[in-house]
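**Student:** Spelled out from the first residue to the last, the chains are:
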Amino acid sequence: MNNEEYEQNYEYNNYNEYEGHTGDPTLDAEFSRQQFKIPETVKNFLVYFRNNVNEGLVFELQSLYELSWPKLTEDYFEKRPWPEESEVAEIVDADPVFMILYKELYFRHIYARIQGGPTLEQRFNSFFNYCDLFNYILSASEPVPLELPDLWLWELIDEFVYQFQSFAQYRARLQKKTTEELEMLNSNNKVWNVLCVLNVLHSLVDKSNIKQQLEVYARGGDPDSVAGEFGSHSLYKMLGYFSLVGLLRLHSLLGDYYQAINVLENIEVHKKSQYAHIPACQISTSYYVGFAYMMMRRYSDAIRTFSSILLYIQRTKQLFASKTYQHDQINKQTDQMYHLLAICLVLHPQCIDESIQQTLREKSYHEKMYKMQYGDLQEFENSFVYACPKFLSPCPIPIGSVPDDYSKEAIVHQTQVFMDEVQQQKMLPTIRSYLKLYTTLPLNKLATFMAQNNRNDSQWDLDKETQTLLIHLLAFKHKMKNMVWSKGASGLEGKFQSGSELDFYIDNHMIHIADTKVAHRYGDFFIRKILKFEDINRKLHMIRI
Amino acid sequence: MAETMKQTVATMLSGIERYNPDNLPTLERYVEMQSKENTYDLEANLAVLKLYQFNPHSFNIEIACQILLKALTNLPHTDFILCKCLLTEKQLAADPINQIIYLADILEQCDFQLFWVRIRTTPELTQKISGFLDSIRKFVCHVVGITFQTIEKSHLIQLLGEIEEKTLQVWVKKYGWKMEGENLVFIGNQDENIKTKNISEKIDFDSVGHIMASCR
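Line by line, the protein sequences give chains L and E.
Sequential numbering from 1 applies to the first sequence in UniProt numbering.
Sequential numbering from 1 applies to the second sequence in UniProt numbering.
The hints are simulated quantities; they were obtained by calculation from the structure and are not laboratory data.
You may find that some hints are simply not true.
[Unchecked claim] 20 Å max Cα-Cα, derived EDC-like pairs, lysine to aspartate or glutamate: (1) Lys481(L) / Glu421(L); (2) Lys390(L) / Asp376(L); (3) Lys481(L) / Asp206(E); (4) Lys153(E) / Asp507(L); (5) Lys481(L) / Asp191(E).
Let's have the full structure, built from the sequences with the hints guiding it.
**Tutor:** What follows is the structure in C-alpha cells.
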C-alpha cells in the first residue's frame, strides 16, 4: 500500500488540526456521520461483496477489491470514513468473517485518507480487529474456508506491519499527547507490542510450513509434498510467504539486517517463482534486501539487487499505470532505490546495465552522484535519509520522560552508523581518481599529488605523506573487498571479492593498477538501425504509385 | 564447552523463542564463554543485543562490550556494524563502549600503527577477550595479503604491532609468505588476480536470431 505517502499525509494534516476544526477527530467524524446516509449502491455492493467472500469466488473478489472498492471510495468516501461497523453489520446480517474483513478495509482507509489520521482509539481497534482476524485463521483446527486474492493477502500483511510502524512513531511523539492519551498508552502496553506483531508473523510462517515448502521448491521438488494440511491451502501458503516479507520489513525497521536477510532463506529474490507474482511484494522485498546489503557493506549484492528490480520496473511500467494507489507507492520506492543505487555506485563504482545507467545520468541523480563523489557528506546524508526505511524504536519511551519528540531517534542513529562508514571511506574517491590515470605509479609520486591537493602551503614532509597514503591504500583494498553472494540458500552466504571496477596492488614502492575498460557497444545500435530500416521499408511498400 | 553450548543455544534462537527474555542469562553466559575460550557465534550474540533492544532495562554494558570486541575479532567481516545498528546512540556514547567504537573506527580505516599505540595505553579494555590481539593480526595479514606483492619488513612489523623477529617468522610462515633478502617480504603474485578487465559485448547467434527472422 501507499504507506510512506500515508505517513506524509498524516504529518501534514497534523498541522491542519490547529485551523478551524474542533480539534477532536472523533467529534468531527461524528458530525459528518450524522449527515451521511449510506447510498444504495454502497449497500448493494456490501451485500454482493459478502456473498462473494462466503462463496469464495476469488476472481470476482479480485475485481471487487481492486476496482470496485477504490471506485466507491473515490465516489463517496474521499474524505470521510466508510460506514461504521454497526451500520454495516445491519446490512450484511452481521456476518462475522465479513465484518472482520470489512473493518480491516475500513481502518486501512482511515489510515490512508482521513484528516488527522487515526485516533488512538481507532489505532487500538484496528489492532484488535487484526487479532480477531489472525485468531480466526490461526486457531482453527482445520483450514478455514476462506479464499482471498493474493494481492489482498499481501496488502493485509504489509498494512499490518505498516500500522505497527505508524503506531511506534505515533507513540514516540510524546510532545503532542494529552494526559489521558498518555495514560491510555501506558496502561495498554500489549497493544501493537512488537512481540505480538512478531508472534503473528512467525505463527503464520509456522502454520503454513512455508519454510519447508520453499526449501523443497528451491531443490526442484514439489512443495505440496511438505505443505501439510494448512500449507497446501492457498490462503495459508500465501499468508506464510508474505509474512516472511513482513518479517524482512520489520527486522529492517529495527536495524536488524542480519535477521532481515536471514528470514528470506531459500528465496531467490531475482528469480521468477510461483510465489513471486505480486509486483508490489517483489519491489518491496528488493528494496529492503538491497538496503540491508548496503548497510552490511555488501555493495555488489546491493547493486545487483537494486538494478535487477529497477530493470524489472522499467520493463513493466505500463502494468502499474492503471491502479493509482499502488502506482504512487511503487514510484516512491523506485525513486528511493535509484537514490540508494547511486550511493552504492559512488562508494563502489562498477558496471551496471546500460538502461539503468541511462536513468542515473538523467534527472537529479547525476548531480547528486557528482556531489557525493566530491566528498559532499551532506549530500550522502540527505540521500540516505530520503531513501531509508522509517526506522523505529521497539519500546515505549519510559514513563515520566520529558515530553519530547522521540520518533526520530532511531533514524538518526541508523544514519549515523551509515555516515561513520562514509566518513571512513572519505579519501577513496580522490585516490581512485588519480589511480585511474595510470597503470603504474610510484608511492611517493601519488603521495606528492595528494599532499599538493590537500595543502596549500608547501610545508609537508614526503615521508609522512607516504605513511598516510599507505594507510589510505590499505583501507581502499579493505573497503573494496566485500562479501558477494553467488550461490547457496541464504543471502548471507558469500565469498570475499573485489567487484569494483578499479583495483591495484603494491609491489614494494610501486602501485600497479588494473582498471576495467568497457568496449564500445554496438549491439543496441544495430538493433535500432535494423528496426528503423524495417520501418522505412514497410512504409515504402505501402506507397502506391 | 562452547561447542556443546552451541547446540543448546541453537534451540533458543529458533522462531519466536529468540525473543524470550528468560533465555538472556544463558545467552550472556555463552558470550562470556566465547570470550574465554576464543570461539565465536555471531547469531547468538546478535540475539543478545536484540533482547537488550526489546528489554532496555536488562542492558548489561559488560556483555555488550564483549560482544562488540568479539565482533572486531571477526574482521574483515562487517559484524561490528551489525552490532552497532542494534544498539542506541546513547548506549554507544557510554564509556567504555565509546572507546571500542574508536578502536573499530581506526581499524576500519586500517590505521594499524595508531591502533597498537591505543592498545598499549588501554590494555585492560580488551584483556577479557582471549586471543584478541592475534585476531586483529589476522585481519592485518588479510589486508596485507590482498594489497601487497612485496612489502618492506619493517613496515610489516609496524603493522603487526612491533612484534619480535621470531614472531614475525611465525606469521610469515603461516601465510606462506617468503623473506626476500634482508628487508623485504614477498607476499604473493598479485598480477594473476589483479589485472585489467576488458568488457566487450558478446552477441551470440541465438539472441540475434529473433530479430533476423523478423526482418525477412
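**Student:** Going straight from one Cα to the other, do Lys481(L) and Asp191(E) come out at no more than 20 Å?
**Tutor:** With a Cα-Cα distance of about 16 Å, the restraint between Lys481(L) and Asp191(E) holds, given a limit of 20 Å.
**Student:** Tell me if the straight-line CA distance from Lys481(L) to Glu421(L) falls inside 20 Å.
**Tutor:** holds, 14 Å
**Student:** Verify the proposed pairing of Lys390(L) with Asp376(L), using a straight-line Cα cut of 20 Å.
**Tutor:** Roughly 24 Å between the alpha carbons, so the hint for Lys390(L) and Asp376(L) is violated.
**Student:** Would you check the hint for Lys481(L) and Asp206(E), treating anything up to 20 Å between C-alpha atoms as holding?
**Tutor:** Roughly 36 Å separates the two Cα atoms, so the pair is violated.
**Student:** When you check the alpha-carbon spacing of Lys153(E) and Asp507(L), does it fall within 20 Å?
**Tutor:** The given pair, whose Cα atoms are some 13 Å apart, holds under the 20 Å limit.
Violated hints, listed in ascending order, are 2 and 3; each of the other numbered hints is respected by the structure.
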